Structures are given as structure tokens and as C-alpha cells.
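A.B. asks: Sequence:
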Amino acid sequence: MQNRQYLERPTKEAMRGLPEFDGLPLGKILLVRTAADARFAHSEICKSIHVGFDIESKPSFVAGQPRTGPHVLQLSTQQQAFLFRPGNTICDEILAEIIQSKTIIKVGFGLSSDRAPIQRKLGVKLRSAIELSVLVHRLGYRPRVGLQSAVSIVLNQYLQKSKKLTLSNWNAKLLSARQILYAANDAYASLQVYSKLTR
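For the sequence shown, position 140 (counting from the first letter as 1) is numbered 139 according to numbering that gives the first Met the number 0, and the numbering increases by one without interruption.
Just so you know, these hints were derived from the structure itself, not from any lab. No experiment lies behind these values; they were computed from the predicted model shown. Any given hint could turn out to be false.
[Stated by the list, open to error] Dumping the calculated DSS-like pairs for lysine-lysine here, alpha-carbon to alpha-carbon at most 30 Å:
(1) Lys11 - Lys163
(2) Lys124 - Lys195
(3) Lys160 - Lys172
(4) Lys27 - Lys172
(5) Lys162 - Lys27
(6) Lys27 - Lys160
(7) Lys46 - Lys11
(8) Lys195 - Lys172
(9) Lys124 - Lys160
(10) Lys163 - Lys57
(11) Lys195 - Lys162
(12) Lys162 - Lys172
(13) Lys27 - Lys11
(14) Lys11 - Lys160
[Stated by the list, open to error] Computed Cβ-Cβ distance ranges for the label pairs, DEER-style:
(15) Lys46 - Pro24: 27 to 35 Å
(16) Gln78 - Thr197: 13 to 21 Å
(17) Ile89 - Arg119: 26 to 34 Å
(18) Ser47 - Asp21: 13 to 21 Å
(19) Glu7 - Thr33: 42 to 50 Å
We put the beta carbon where it would ideally sit given N, CA and C, even for glycine.
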């Protein structure tokens, strides 16, 4: 039996040479703080069949330290993104409704590793979710293609991924503008990849 031949993933250098990913600006991102914000986010998200989805957690650098994330959950429509921060009872109830909804289909990367933290934090199961790395794999690439590579493969654009931001404190009382843009556009980029793959 012959070994399967996979397509080569783009190198970092090749990705950096692509046009920059056309992400959402700050004005199109809502950091959900109040019950009114959460209700608005819910109403907008419910207008979409598919939404981009991702989570962020404060990293733990101490062995054996209990994990308390996710600290940010991102959902994106084609027009705007919503960032939820678990801990507000009313907002959490609305977020949990979205997470376990069977009619709102969440699309993203690495969703299998998101399920346990979400259930631990919100007490609900992530339902109606599509793992996009599986769809990219069907194009002929090795399994577990990440978001950045998928954006370059599918959209022919470069999604900048800062390790400093990835490992930043997502549990900080106030998120920086860079954190907000990073988190929101991870979810938005996932939706754009899905839209292009299924067009």
C-alpha cells in the first residue's frame, strides 16, 4: 500500500508574503459586559446559521496549577464579533444557550480541546460544531491544519498570530485593544475559511 502524498503546507515565509487578512475593526467588535449587550449579541447571532467560534484562556506556566479558563469566548457573524467573558450570571446564561444551541452552528479550529473547558466553566456541552481542520484536510493537507495555515491556503491571505498575544493574560480585568482584535478575528477568520470552503 502506497503512502499517501499530502500537499505541502505554506511556510511562514510564504505566508508573510501574502496580503494581510482583512479582519474586523474594533468598531465591529462588541465586548459583552451587560445583560443588554448579551441579549443584543444573542439576537444578532441567531440571525446567522453559521458563526465563527474560538476561546482564549490565561496560560498556566506552573505544573499542576488548576486551569480556570476559558476566560474569553468569541463568536463572529459576517458583520461583527462578540466577546464574552464568563463570570456574569445573566451573560453566562445567554452564552450557554448559544453554546448548546443545535440551530446555531459553530465553526472553528481545535474544537475538541475546547469542549472540556467549556463544560467545566459553563456547565453545558458544545453542540452543533464543525471542526474546520477536517475540511482543510479533505483538500489534501496533513491532519490538524491550524487557523493561520488555513487562512493562507483557503483565503490566500496572511493572518498574523503573535505568540505574545496568544500567551497574554486573557483573565486581565481589562483586555487591550490588541487582545480584542486578536480574539475577535480568530473567530471571524474561521467563519471566512468555512464560507469559502462551502461556497
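A.B. asks: Now tell me if each hint is right for this structure.
C.D. replies: Outcome of the hint check:
1. Lys11 - Lys163: holds (17 Å)
2. Lys124 - Lys195: holds (27 Å)
3. Lys160 - Lys172: At roughly 23 Å apart (the allowed maximum being 30 Å), Lys172 and Lys160 satisfy the hint.
4. Lys27 - Lys172: holds (21 Å)
5. Lys162 - Lys27: Measuring from Cα to Cα gives roughly 24 Å; hence the hint holds.
6. Lys27 - Lys160: holds (20 Å)
7. Lys46 - Lys11: Distance of about 36 Å is beyond 30 Å: violated.
8. Lys195 - Lys172: Not satisfied, since the Cα-Cα distance of roughly 36 Å exceeds 30 Å.
9. Lys124 - Lys160: The given pair, whose Cα atoms are some 28 Å apart, holds under the 30 Å limit.
10. Lys163 - Lys57: holds (12 Å)
11. Lys195 - Lys162: Holds. Lys195 to Lys162 sits at ~27 Å (cutoff 30 Å).
12. Lys162 - Lys172: Status holds; Cα separation ~21 Å.
13. Lys27 - Lys11: holds (29 Å)
14. Lys11 - Lys160: Cα-Cα ~11 Å, so holds.
15. Lys46 - Pro24: 27 to 35 Å: violated (21 Å)
16. Gln78 - Thr197: 13 to 21 Å: This hint holds: roughly 18 Å between Cβ atoms.
17. Ile89 - Arg119: 26 to 34 Å: Distance hint for Ile89, Arg119 is violated at roughly 20 Å.
18. Ser47 - Asp21: 13 to 21 Å: At roughly 19 Å between Cβ atoms, Asp21 and Ser47 fall inside 13 to 21 Å, so the hint holds.
19. Glu7 - Thr33: 42 to 50 Å: Once the Cβ atoms are compared, 48 Å apart, the range 42 to 50 Å for Thr33 and Glu7 holds.
Violation of the numbered hints given earlier is confined to hints 7, 8, 15, 17; the remaining hints are satisfied by the structure.
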